[in-house]
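**Q** Here's the letter readout for the chains.
4 protein chains.
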Amino acid sequence: MQSRTPAPRATGRPRSAAADAAILAATRAALVELGWSRLTLSDVAFRAGVAKTTLYRRWAGKNELVVDAVAELFDELELPDRGSLAADVEGVVLQFAAILDRPEARSGLMGAVAEAARDDVLRERIRASIVERQKRLVVEGRARAQERGELPYEEDPRTAARTVDLIFDLVAGAVVHRALVSSEPVDADWAVSLTQVLLLGIAGAAQNPAGSV
Amino acid sequence: MQSRTPAPRATGRPRSAAADAAILAATRAALVELGWSRLTLSDVAFRAGVAKTTLYRRWAGKNELVVDAVAELFDELELPDRGSLAADVEGVVLQFAAILDRPEARSGLMGAVAEAARDDVLRERIRASIVERQKRLVVEGRARAQERGELPYEEDPRTAARTVDLIFDLVAGAVVHRALVSSEPVDADWAVSLTQVLLLGIAGAAQNPAGSV
Amino acid sequence: MQSRTPAPRATGRPRSAAADAAILAATRAALVELGWSRLTLSDVAFRAGVAKTTLYRRWAGKNELVVDAVAELFDELELPDRGSLAADVEGVVLQFAAILDRPEARSGLMGAVAEAARDDVLRERIRASIVERQKRLVVEGRARAQERGELPYEEDPRTAARTVDLIFDLVAGAVVHRALVSSEPVDADWAVSLTQVLLLGIAGAAQNPAGSV
Amino acid sequence: MQSRTPAPRATGRPRSAAADAAILAATRAALVELGWSRLTLSDVAFRAGVAKTTLYRRWAGKNELVVDAVAELFDELELPDRGSLAADVEGVVLQFAAILDRPEARSGLMGAVAEAARDDVLRERIRASIVERQKRLVVEGRARAQERGELPYEEDPRTAARTVDLIFDLVAGAVVHRALVSSEPVDADWAVSLTQVLLLGIAGAAQNPAGSV
DNA sequence: CAGTAAACGAGACGGTACGTCGTGTCTTAGG
DNA sequence: CCTAAGACACGACGTACCGTCTCGTTTACTG
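Chains as they are written, first to last, in UniProt numbering: chain F, 1 to 213; chain Y, 1 to 213; chain V, 1 to 213; chain S, 1 to 213.
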């Protein structure tokens, strides 16, 4: 993660590197036990074996702390090569669903997004450290499919970027909505259905440039 | 909305009917000004010209109150006949985005979902009063397309229901994710792209029963 | 006790006479269990099997209700003839102490006096229904002692009244202070000591008109 | 006054010494304006320019706080040498009455005593910080009278202590009762009468050891 | 290797909201 | 007109957390 405070110090006692990790882990543990609204910074500080002061010296508040703690979760996502684009997509959908099944992700992510509705800085932080960070999966999956010949190479970089954005919002949005809003299970069958609609839709749209996809 | 307290009373002063509406309106106003986390029940009570006691007599807490207040927002969604399935979908996507652009919906909806991560009763309340309630749009849109001959009639009711669920999560999820998580604008172009992928995907899947869509 | 509301009514349903007694008894029971500050009118109404409305129709509030409930306690005081002035005084001191040992009297009386510090009407109510009412004991005891020849007859009625007041404040004050403020037992030995000082003091003062006692 | 929290802390930010004095003064001011029952700790905190938390960190509640605030009032009592025992007693009676004429003493003292009826710890606190503390006046007055030859020296310490207790309850009780219960003025005439009865009674009892006074 | 500057723990501080409770008033239906 | 029942506006309760502060202590780099 990028440094929270931009200016490096040359003098004085350096900040404990262990404290950062302990605090983020404690934050996730508190999210599991308490959820977003009952999570308190005093409690996180106690769990991390750290004074409240130390915590406030590094993060501006609960929102920022939780975003950092949750963002680390999504770094676990990988895109192992399963032989076909459809299999790759189904695999990452199930991986994503597995993360969203963990309580620290469920309450942490949505709580942060709720706060971001009224906080531009926080919204940008989420966009940068979660959304942009995970779009790598779409980019990587497309490249692999292009190598396999499953997808044509897109010439226009603007069009390519917009397609990545659309697919990311479609897949991530569908999984989050089903898991957290509709409260329905994201199982293998559902992943297959979603993947089928998605890939057929993309393939069809590629032949029909009217919608500029 | 269904009654909050199941048992009707035969005796004593009856509850003020006007209070309910005033409280829900005050809740939305408070969401606009303060957002989820700074919204307080004391403040809502004051805005509604009502005592805190009255509020707690009717709702169990902030979560339940906000869900009811937000649910009313989505009842504004309509499906005007624009002549084609694609136009209908694009229209409802933009309507949905317009609602999600209002601050009371942004912070209220996500805040409630965040809390629902640890509260089964609240999760069911969201599912019933928001999700199931708005699936009517998908059902209605499909019926209209079938009348127009744009979509075949689906024989198996289970398959039909699963398709409705998938499409609802896909569309609602994509719009919510783009608007609230990715923080990108949901404009007409994006709506066209989404609709194109969606309809081509559905059409393709209907010809290929493997994924049972 | 005198009627709380002066105007008699000619029409409508008459007030239940039993309710008054039930309410005062319930008040004393609540004082025993809860003390002054935790006694609530809702609780008293429930104990008396009466609606809160009924209670407020008859008493202005907690203070007035408790004064009436406590005043009845002191009506139990009697002055049985024990053969000598000293014995009579000792007897009434112990009776008084016995009443002050009951929790409804302890907290009720002092609570009312505390409120009376800022409420002239309440202060007058206490003076009339408790203080003046019980001065009968001093007057009666003096008359009996004069019949026995233990005390001379006082000619001047003003002097007589001032002496009654002084003795009442002395005896009642000493007992209340020892029992409730100093928290020491009022036993037979202490009653003897008090009586001795009191009677010798009165006797001496009667011979020495300087202090106009 | 004794420390409220026995354990001294070695670490953390030390408690503000100024806050204690400000809180006690604010408590007395609130008693003057509001009386016992309408005094609220929120109001006291606001007057003292202190958070409610600070107040609850130092006192268990309203009762304890008021006892401490009132106890300080009685420390103003002195026993200036007026040349004779009678004059000394009359002087202290009038001083005591002057304090009881202040509204903070009237409602504070009686309110605390009322609550003490059901609270052993509070009763002991009153006994220690008000009663025992002010018995010094009786002890000092007796010593001075013995030096003057107005009173004999008492050999038996137990008898001496019981006499101090009796006289304190007699004088304090009579003044409190006249001022607060009977609601009659404690003026110079009444002080003379009380003193006369008291001193003659003590003198008589000293010659008659039957009552062991 | 002593000085110094910042990080650290502890916990008090002024605030603010909580959810509950009591007050005294009111509004209904019934006697 | 009284009564029981209970909703109502108001406001205090005592608790909990916030984010800041003031301490005494610890730890590394620097002169």
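Simulated from the structure, these hints should not be mistaken for laboratory data. In this text the structure is predicted, and so the values were computed from the model without any measurement. Warning: the hint list may mix true and false statements.
Below are the DSS-like pairs computed for lysine-lysine, each with C-alpha atoms no more than 30 Å apart in a straight line [what the hints assert, rightly or not]:
{"hint": "1", "chain 1": "S", "residue 1": "K52", "chain 2": "Y", "residue 2": "K52"}
{"hint": "2", "chain 1": "Y", "residue 1": "K62", "chain 2": "F", "residue 2": "K62"}
{"hint": "3", "chain 1": "S", "residue 1": "K135", "chain 2": "Y", "residue 2": "K62"}
{"hint": "4", "chain 1": "S", "residue 1": "K62", "chain 2": "S", "residue 2": "K52"}
{"hint": "5", "chain 1": "S", "residue 1": "K135", "chain 2": "F", "residue 2": "K52"}
{"hint": "6", "chain 1": "V", "residue 1": "K52", "chain 2": "S", "residue 2": "K135"}
{"hint": "7", "chain 1": "V", "residue 1": "K62", "chain 2": "V", "residue 2": "K52"}
{"hint": "8", "chain 1": "Y", "residue 1": "K52", "chain 2": "V", "residue 2": "K62"}
{"hint": "9", "chain 1": "Y", "residue 1": "K52", "chain 2": "V", "residue 2": "K135"}
{"hint": "10", "chain 1": "S", "residue 1": "K52", "chain 2": "F", "residue 2": "K62"}
{"hint": "11", "chain 1": "F", "residue 1": "K62", "chain 2": "F", "residue 2": "K52"}
{"hint": "12", "chain 1": "F", "residue 1": "K62", "chain 2": "F", "residue 2": "K135"}
{"hint": "13", "chain 1": "Y", "residue 1": "K135", "chain 2": "Y", "residue 2": "K62"}
{"hint": "14", "chain 1": "Y", "residue 1": "K52", "chain 2": "F", "residue 2": "K62"}
{"hint": "15", "chain 1": "S", "residue 1": "K62", "chain 2": "Y", "residue 2": "K52"}
{"hint": "16", "chain 1": "S", "residue 1": "K135", "chain 2": "V", "residue 2": "K62"}
{"hint": "17", "chain 1": "V", "residue 1": "K135", "chain 2": "V", "residue 2": "K62"}
{"hint": "18", "chain 1": "F", "residue 1": "K52", "chain 2": "Y", "residue 2": "K62"}
{"hint": "19", "chain 1": "S", "residue 1": "K135", "chain 2": "S", "residue 2": "K52"}
{"hint": "20", "chain 1": "V", "residue 1": "K135", "chain 2": "S", "residue 2": "K52"}
{"hint": "21", "chain 1": "Y", "residue 1": "K52", "chain 2": "Y", "residue 2": "K62"}
**Q** Does each hint fit the structure? Answer for all of them.
**A** A quick look at each hint next to the structure:
1. Simply put, K52 (chain S) and K52 (chain Y) have alpha-carbon atoms about 21 Å apart, close enough for the 30 Å limit, and the pair holds.
2. At most 30 Å may separate the alpha-carbon atoms for a hinted pair to count; K62 (chain Y) and K62 (chain F) meet this at roughly 20 Å.
3. Note on K135 (chain S) and K62 (chain Y): the hinted pairing is violated, with a Cα-Cα distance of about 57 Å set against a maximum of 30 Å.
4. The straight-line distance between the Cα atoms of K62 (chain S) and K52 (chain S) is roughly 12 Å, inside the 30 Å bound, and the hint therefore holds.
5. About 50 Å separates the Cα atoms of K135 (chain S) and K52 (chain F), which puts this hinted pair outside 30 Å; it is violated.
6. With a C-alpha separation of about 46 Å, the suggested pairing of K52 (chain V) with K135 (chain S) is violated against the 30 Å cut-off.
7. Among the hinted pairs, K62 (chain V) with K52 (chain V) is consistent with the structure: their alpha-carbon atoms are about 12 Å apart, no more than 30 Å.
8. Note on K52 (chain Y) and K62 (chain V): the hinted pairing holds, with a Cα-Cα distance of about 25 Å set against a maximum of 30 Å.
9. Between K52 (chain Y) and K135 (chain V), the direct Cα distance comes to roughly 50 Å. Violation of the 30 Å bound is thereby established for this hinted pair.
10. Of the pairs offered as hints, the one joining K52 (chain S) and K62 (chain F) holds, with about 25 Å between alpha carbons and a cut-off of 30 Å not exceeded.
11. For the given pair, K62 (chain F) sits about 12 Å from K52 (chain F) by alpha-carbon distance, which is consistent with the 30 Å threshold.
12. At roughly 26 Å between alpha-carbon atoms, K62 (chain F) and K135 (chain F) fall within 30 Å of each other, so this suggested pair holds.
13. Distance restraint check for K135 (chain Y) and K62 (chain Y): the Cα-Cα separation of roughly 26 Å lies within the 30 Å cut-off, and the hinted pair is therefore satisfied.
14. For the proposed pair K52 (chain Y) and K62 (chain F), the alpha carbon gap of about 28 Å is at most 30 Å, so the pair holds.
15. At most 30 Å may separate the alpha-carbon atoms for a hinted pair to count; K62 (chain S) and K52 (chain Y) meet this at roughly 25 Å.
16. Restraint check: the Cα-Cα separation between K135 (chain S) and K62 (chain V) comes to about 35 Å, which exceeds 30 Å; the hinted pair is violated.
17. Our distance criterion of 30 Å between C-alpha atoms is met by K135 (chain V) and K62 (chain V), whose separation comes to about 26 Å.
18. Restraint check for K52 (chain F) and K62 (chain Y): the C-alpha separation of about 28 Å stays at or below 30 Å, so the hint holds.
19. As the CA atoms of K135 (chain S) and K52 (chain S) are separated by approximately 35 Å, the hinted pair breaks the 30 Å bound.
20. Of the supplied pair hints, the one linking K135 (chain V) and K52 (chain S) is violated, its CA atoms being roughly 46 Å apart against a limit of 30 Å.
21. A distance of roughly 12 Å separates the Cα atoms of K52 (chain Y) and K62 (chain Y); the hinted pair therefore holds under the 30 Å criterion.
Of the numbered hints given earlier, the model fails hints 3, 5, 6, 9, 16, 19 and 20; all others are met.
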